[in-house]
Amino acid sequence: MRMKLLNASLLAVVLVGVFCVPGLPEETTSYFYDNLGRLIRIQYSDRAQQYTYDKVGNRETRGVQEGMCAYSIWPPSKSFSESGGNSTISVTAGTSCPWTAAADESWITITSGTSGTGNGTVAYTVAETGLPPRQGSISVAWQSVIINQVQSPDVTPPVGSISIDSGATYTNNVNVGLHLSCTDNMGCLSMRFSNDNVTYSSPEIYGTSKAWTLTGGSGLKTVYVQFVDEAGNSTVYSGTIVLNATCTNPNVRIGTTSYATLQAAYNAAVTGDVIKCQGVKLTDSLTTDRNITVTVDGGYDCSFTANTGIMTVVKGMITAAQGSTTLRNITLETQ
Numbered sequence: 000m001r002m003k004l005l006n007a008s009l010l011a012v013v014l015v016g017v018f019c020v021p022g023l024p025e026e027t028t029s030y031f032y033d034n035l036g037r038l039i040r041i042q043y044s045d046r047a048q049q050y051t052y053d054k055v056g057n058r059e060t061r062g063v064q065e066g067m068c069a070y071s072i073w074p075p076s077k078s079f080s081e082s083g084g085n086s087t088i089s090v091t092a093g094t095s096c097p098w099t100a101a102a103d104e105s106w107i108t109i110t111s112g113t114s115g116t117g118n119g120t121v122a123y124t125v126a127e128t129g130l131p132p133r134q135g136s137i138s139v140a141w142q143s144v145i146i147n148q149v150q151s152p153d154v155t156p157p158v159g160s161i162s163i164d165s166g167a168t169y170t171n172n173v174n175v176g177l178h179l180s181c182t183d184n185m186g187c188l189s190m191r192f193s194n195d196n197v198t199y200s201s202p203e204i205y206g207t208s209k210a211w212t213l214t215g216g217s218g219l220k221t222v223y224v225q226f227v228d229e230a231g232n233s234t235v236y237s238g239t240i241v242l243n244a245t246c247t248n249p250n251v252r253i254g255t256t257s258y259a260t261l262q263a264a265y266n267a268a269v270t271g272d273v274i275k276c277q278g279v280k281l282t283d284s285l286t287t288d289r290n291i292t293v294t295v296d297g298g299y300d301c302s303f304t305a306n307t308g309i310m311t312v313v314k315g316m317i318t319a320a321q322g323s324t325t326l327r328n329i330t331l332e333t334q
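Its first residue numbered 0, the sequence shown is counted upward by one per residue in numbering that gives the first Met the number 0.
No lab work stands behind these hints, which were simulated from the structure alone.
Each hint can be trusted.
Derived PhoX-like pairs (lysine-lysine); straight-line CA-CA distance at most 25 Å:
1) K220 x K209
2) K220 x K314
3) K314 x K209
The model shown is predicted, which means the values in this text are computed figures rather than measured ones.
Please construct the entire structure, taking both the sequences and the accompanying hints into account.
Structure, rendered in structure tokens:
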């Protein structure tokens, strides 16, 4: 808060406070303003006129104080982070000069020093907030202390994850689906992708899925995603999958007979058969509507000669109608 002390004799628009009346002493009039330029006090030689303002700026007269009472307060303003806190205001006044203190907002609480005479201290607290920046004030001894509360800069990066083909270990196709998650206290804004953590795609609005193309050639592939939050903080996550670019076998087999879909294999199965699936992501559905007992076993390599217990991801519905079907190393995509 700025306090302007202006002698009336220096203002062209105010009458000079000197009265040429024989036998009367010269009267000096001083004006005090708050940091918004509003008149809050007129100090005469033997009295003072006090003013305060309501929340919409209307001036209120607090009455005339007799005698020579001068007041000063410190600090004129105070800033707090979003976590709030507590502080004090020092009041300097004459020994017999009374004063009061009041806050104009509910999130500012005076804990001690709501009134006093002479020098004193006003203690107050500011509540924690998750709201945008806000401002209030405390009126002390007919002056205002401005209270500002701002949001602390967000320096926490987003937290996320990425999986390729819903966590499948293998794929026979360079075209895969990415499944993504991102959380942040300010909100996840954008994402971009890379096969080498050097060259990235153009940023796009954050979403939970993305179609992506791996680099060619068989082997372990890594896909990187960079999430960016509303404050500009970013973090990188990665997922891996093994690409078998030379595998041309269908993904489903009973014995040595290959089938285009799970349903086709089930329709051809007899009791005791094992329907083998490569450890890749299958976009397929299955309805077990025959009175037979079979096993659907996932996690095989391209030649169906080895099964290390990895999962086959099925994107679709598996509906049990009759018979008995055991699923082994099979996981259903939930997204």
